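2 protein chains.
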Amino acid sequence: MKRQEYKVVFEPSGRQVYVLAESILLEAAAQAGLILQTPCGGTGKCGKCRVRVVSGQCKPSAACLEVFSRQEIENGFRLACQAKAGGDLRIEIPVESLFESQQQILVQGEGGKLPLQPAVGKYYVDLAKDAPDGALSDVERIRAAVRPAEFSSISIATMRLLPDALRKNHFKGTVVLADHELIGFEPGDSTGRSFGIAIDLGTTTLVGTIINLNTGMDVAVDARVNPQTSYGDDVISRLRLCREDEKGLSRLQRVIIGAINDIIDKLASEARIRREDIYEVVLAGNTTMQQIACGIDPSALGEIPFVPAFTRALELSASEMGLEINAHGRVYVFPQIGGFVGGDTVAGLVASRMALSDETILFVDIGTNGEIVLKHGACLMAASVAAGPAFEGARISCGMRATAGAIEKVIINDDLSCNVIGNTRPVGLCGSGLIDLVAELRRTGLVESSGRICAASELPADTPAAIKRRLIEKEGQGAFVIAGKSESASGQPLLLTQKDVREMQLANGAIRSGINILLKMAGINCTRLDSVLLAGGFGNFIRRNHALRIGLLPPVPSGKIRFIGNASLMGARRAILSVAEKEFAEKMAHEVRHIDLSLSPEFQAEFSDAIVFPEEEPHG
Amino acid sequence: MKRQEYKVVFEPSGRQVYVLAESILLEAAAQAGLILQTPCGGTGKCGKCRVRVVSGQCKPSAACLEVFSRQEIENGFRLACQAKAGGDLRIEIPVESLFESQQQILVQGEGGKLPLQPAVGKYYVDLAKDAPDGALSDVERIRAAVRPAEFSSISIATMRLLPDALRKNHFKGTVVLADHELIGFEPGDSTGRSFGIAIDLGTTTLVGTIINLNTGMDVAVDARVNPQTSYGDDVISRLRLCREDEKGLSRLQRVIIGAINDIIDKLASEARIRREDIYEVVLAGNTTMQQIACGIDPSALGEIPFVPAFTRALELSASEMGLEINAHGRVYVFPQIGGFVGGDTVAGLVASRMALSDETILFVDIGTNGEIVLKHGACLMAASVAAGPAFEGARISCGMRATAGAIEKVIINDDLSCNVIGNTRPVGLCGSGLIDLVAELRRTGLVESSGRICAASELPADTPAAIKRRLIEKEGQGAFVIAGKSESASGQPLLLTQKDVREMQLANGAIRSGINILLKMAGINCTRLDSVLLAGGFGNFIRRNHALRIGLLPPVPSGKIRFIGNASLMGARRAILSVAEKEFAEKMAHEVRHIDLSLSPEFQAEFSDAIVFPEEEPHG
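In the order they appear, the protein sequences are chains A and B.
Position 290 of the first sequence, counted from 1, bears residue number 290 in the numbering used here, the numbering being contiguous throughout.
Position 158 of the second sequence, counted from 1, bears residue number 158 in the numbering used here, the numbering being contiguous throughout.
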């Protein structure tokens, strides 16, 4: 097993990743969660993905020389879709090169496209000056000091604290409003301390980001395994627990709330703020996850006709939900579409803005529950498929989340090369590593289109010996040695078993058959697609050709595929930053038609076809 | 001590009272809480107070013979302001003879002037029929079944119960909405069971009434002493406790909430309903009482500039307040005006509708805190005075609430005659009895204008011996024996002491000086008053001439004085019956100008004058 890796640091974010030698910068950036503009599909023609090499080895490609002037090349400008890492690099990404939804978030602090309009507003007041009429009631005096339109109500909990808070602070302090409700009066000028947390509530993975509501900038990110996985690794097993055990719901709720509180704690500490400075949490997850987190029995999602309890957004107090932020803080739970298509998909629609486009767009969010949205003309429809947690590294013998030690990229030539997150010995295989590995095994003929892992004896004679040695037998079936004892972190070999490949085929087939049915319902085939948006929190990135090679996506030119990262988290973040985005979310949830695939007679037939890997090589 | 009493039963309400022989029917009705129309001031001219004698002795007066035809007289019609009780009576009161605010409440069930529009609405639904789309979420299915405009939100508490409630009841049941929020889904058709409770939250007395929200009719009434009186009998003592003892507020709150819960319990049991069938409680009290009940520290009301915490209405959940009605029920706390002028005054304005009149009107609500409102042209202002609890029977040596055993009416001729509530032996003196007694003592010269009780030796020689015997000395001052040992219920004499008279003078003087200052501020004298509305829960009724004789009211023709009963309770009741009345309350609270008498330099001077009883006999 050989490796040659370079460290790439991106500016101005400071994010850094390790990539294989000769990786193109576009993929390195994606690995760092920075998605660049590639309207030409990464073919070096549009020049939109320009970046600047600040330091390190990075030869300009032919396309770079065509697009940039000699001076620009000297100044370090490159096309990220063409230039390759030739050593450790420091790369500057201009804001305009970022994918639009990322750009907006990054620049809105300086008055960009998303006007900062969070539900939480803080105003420093000195009532003796700002509202000198001392005969006004406490509440009316505050109303007179802040813009009256900002202020429509007050909770009884805040009301009970207000008289004392005002007088202790001599009528000077910071008024906190959330969605026009007075939720606090704080000593001194605390307007600079206002934070929100956006959470992507995945079946397998939880990701949270803390946002400074004054600047709109992310301050820290945290991800961890959803602890509910110990009660079953997919939505169905969680639903079963809620239906069969009367304490099931409260148990599942307790662990998820505990995990969210751990994320809150971690983010607050990384951001070096107090939890009291966090005033809002926005949650986006599928219908089951959202209902469980809110303590709403999701059992009806486990029986025909699979209905969620609610579809419009829920707004509740953090204390009602048990979340440990400011005692008077709020929680916004994303609106839902129907069936299993929940707030995460709505958040993805908010992040991608695909419904506003005139193009025909397919949106695929890959997670334990896969969600698919198709926009074609006036038709906007969404479906959910049970993909299982394989793409998130679970249910795979050496599967793991995309953290340090995870193999996230694999190339097979004379032998296997792989890229390990954090540049350590490999611990396991994350989702993108799994796709990479299986796609490479398909490309090199080590796995058949049926999914069967070949035996060493079946391979052509010219197969390199290093590769042949990796094919072994385990429990009467083929298996592939990813790392031997001496190479792995644990001292145990890392294997891809036949069962692992089957598991992945199921995930793959579920998503692909969902895509096929939506295309059929819209009366189009995949050639009509202008773009395919690939979202998901599994690793950061899968290679486009690999997604096509394993048949996860229909055969489209790879240039039409755009990675948009964790769209659910990105949408949740937008909702924290602007109440207009919450309205947009509500509109999206209302306008998207939910397609219940369980009612589709074709689903089984499509699924049987889709679990077989394609024979053809992807084109494009 | 002699008595001659008759029992008078009023139809259709069934209310009954005991009155002295020759009492006029108008006063008997008022004693039963039934306030009749008297635009002519009870002079027998307008004919608006017509009632019908169903059975019993009641001679027509000369005015009756003029107003009614012979046939009508034979059918029992009489003018209530003229006809006198000549024996036990059964009297029918036509709806149109009732004072308008009472009339509206009594008739609105049949489509009268106050359209029934309570915040609470119940709708029986069979979702299989009414919202057949089984793919809708639980909440949206209910929204589709009820009028969508009725339904804007759902609390998380209800949301958590909804999925199970719907399925257990096979999607048939009763949807409960409160102020457009979904608060319940009940088994079967419970639309017939919908109740609200209006509470007058007095410093000394609590009165509650339970109302059937389907008919708008009162079902039962309960009154009791505010248990906070054990911590001090006026607002100032309660404020002091909150300021000086850190547990003061929570202690006061606990006892008042306990008492309200006792009232709720009693009313539910009298109405033969379950507490779960009660969905709303409306509270009207002065600013201190309302804040304490809500758990909001009222200490700022105890220091300059005497500000309440809020003025707009508070809407909260019954559980947040600790009230034991339906677990998802609501509480509406009346908007407040300012200083000590609180929700009870606003409720009185809602009940009396005085602000809508073109007349110049003085509204006086007599309680431990007395409130005075003056409407003159565009000027509408309110003030509060600390009258003390004398008029509610407290702080008087033999004082008591107007319940069984209370002397509520007194006449002095050759000896003292008195009317005891419940027709039993006397236990004590209620507010109206105190006023009656002192007024009679003034009329007969047994008390001087300074308030001093004369000694028997000072009286004219022709004073009846029975009266002379009642004047005794106690602790070096005069006292008056109301009932001797052998006459009272306890076997102890009932006395009116000099201290009692002083206490009443203070109450009297406080209210009168408040009235005088408002009149001065409006630049008018009392001759400009078109009406004086006298509200209060002390007994049911005081005689107009007596209110004038003791100087409680400025010298106006007694015909201009109207009794409107417990206006605070009446306003609270209207708010339960119609959300439009709540809006009207908010408007009233906003429009009335609060006059802080503590800032008036004239108050002390006015007060010194007003504690002296008038020398002149009232005219009119």
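By construction, these hints were calculated from the structure, which means they are not laboratory data.
Watch out, some of these pointers could steer you wrong.
All copies of an identical chain are treated as equivalent in the list; a pair is satisfied when it fits inside any one copy or across any two copies.
Straight line, CA to CA, 30 angstroms or less: simulated DSBU-like cross-link-like pairs of lysine-lysine [to be verified]:
1. Lys45 to Lys520
2. Lys587 to Lys474
3. Lys587 to Lys520
4. Lys587 to Lys129
5. Lys7 to Lys266
6. Lys84 to Lys45
7. Lys48 to Lys129
8. Lys485 to Lys84
Bear in mind the structure is a predicted one, so any value in this text is a computation, not a measurement.
Now the hints, each set against the structure:
no.	hint	in the structure
1	Lys45 to Lys520	neither (33 angstroms within a copy, 87 angstroms between copies)
2	Lys587 to Lys474	neither (52 angstroms within a copy, 81 angstroms between copies)
3	Lys587 to Lys520	within (25 angstroms within a copy, 59 angstroms between copies)
4	Lys587 to Lys129	between (42 angstroms within a copy, 27 angstroms between copies)
5	Lys7 to Lys266	within (26 angstroms within a copy, 77 angstroms between copies)
6	Lys84 to Lys45	within (16 angstroms within a copy, 107 angstroms between copies)
7	Lys48 to Lys129	neither (52 angstroms within a copy, 56 angstroms between copies)
8	Lys485 to Lys84	neither (32 angstroms within a copy, 113 angstroms between copies)
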